[in-house]
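Q: Sequence:
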Amino acid sequence: MPDESGATWIPNQNSFPNRNGYKPHWIILHGTAGGSSAAAIANYFKSTQGGNNPTSSHYVVGRDGEIVQCNSEKDGAWANGYISGTSGASGNGAGNGHHDSWWDGGINPNLLTIAIEHVKPSTDNSDHLTDAQKQASFTLISHICARWGIPARKADAHGGITGHYSIDPVNRARCPGPYPWDELFAFLQDGGDALVLNIEQTGKHFVETVRNERWHCQQTGFDIAYAILAYYRSCTHVGLNGLSQYGLPISNEQRVDGTQQAIIQRFERGCILYDPQHEVDRVSGISGPCYPAHIDKAPGEDPRIAQLQEELAKYRPPDPPKTDMPQPPPKTSAWSTLLATFKSRMGERS
907 MPDESGATWI PNQNSFPNRN GYKPHWIILH GTAGGSSAAA IANYFKSTQG GNNPTSSHYV
967 VGRDGEIVQC NSEKDGAWAN GYISGTSGAS GNGAGNGHHD SWWDGGINPN LLTIAIEHVK
1027 PSTDNSDHLT DAQKQASFTL ISHICARWGI PARKADAHGG ITGHYSIDPV NRARCPGPYP
1087 WDELFAFLQD GGDALVLNIE QTGKHFVETV RNERWHCQQT GFDIAYAILA YYRSCTHVGL
1147 NGLSQYGLPI SNEQRVDGTQ QAIIQRFERG CILYDPQHEV DRVSGISGPC YPAHIDKAPG
1207 EDPRIAQLQE ELAKYRPPDP PKTDMPQPPP KTSAWSTLLA TFKSRMGERS
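If you want my numbering, it's the position in the sequence shown, counting the first as 1, plus 906.
Keep in mind that the hints were calculated from the coordinates and are not lab data.
Any given hint might turn out to be false.
[What the hints assert, rightly or not] DSS-like cross-link-like pairs, simulated, lysine-lysine; straight-line CA separation at most 25 Å:
no. : residue 1 : residue 2
1   : K980      : K952
2   : K980      : K929
3   : K1110     : K980
Keep in mind it's a predicted model, so treat the numbers as computed, not measured.
Can you make the complete structure from the sequences, with help from the hints?
A: Below is the structure:
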């Protein structure tokens, strides 16, 4: 299962189980130098299992902001190849042939790092990150640093964040290519929550019961958790994200009948669907596992609408009996008056 809430899980076996006893101290950023989507890259990694050149990465961040996880963070991904060049100080794209000197300890860098690929269609990694990709990357890095105690700063001998060029300056001098390093470190210095709703911003509404994974609503008594919480905290980027867009939760998570994985949760202003396989729907511009549900049909339709329609049906006058005899004009009833008033307000002539 993914370590990052909201990430799509496309696993492979190209990894070192339990890192041979080591712990990650660095995050290594990569660019894919080709490819169209995070899922496509992850499936490529999976296809290399058992081949001549098996490869992987812990995460792939798509151009649309989708995050796919391929290996557990507790394992070392086969991501960084080998150490090239001479010991010194590396530089992104500088081509100086120097790897950073802290890789000279004789330990495979894959055992000490968490790798993040960024989808870049250009084969020279010259693409800049999209806004959605940047947001997803920054947030993911912040969460990984918090989970493992990795220094949330530029890498040095004690840990931190750098690019593939730090390890392999000969073959990967332009990996990850253009990356907004200054913005990343400013984001991390601010606490890593500038682009997502954090618990401190929710005031009296929520209590965080599991860090970054579960919030309990004090007013309604319901929880928001895991992928739905991740979506709630990051969607819209207007106001207070999900709190402004959806309001407070008014139900627990509920399984969607007829699906294998889909889950729906109701809020004051709408419904959020967790649907990683898109068994229910697809929403234009959203490729992640969560999206807003339709309110005019199942499973997002409010059951109270059907109840209201049933109540209104009780007041509808019965149809007149069929007969060939001429019938007197119907008397004006409360129902017809109500219907005429409704049509008038809707701009329809009766």
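Q: Evaluate each hint against the coordinates.
A: Verification of the supplied hints:
Taking the CA atoms of K980 and K952, the gap is near 18 Å; set against the 25 Å cutoff, the hint holds. With a CA separation close to 8 Å, the supplied pair K980 and K929 stays within the 25 Å bound. At most 25 Å may separate the alpha-carbon atoms for a hinted pair to count; K1110 and K980 exceed this at roughly 36 Å.
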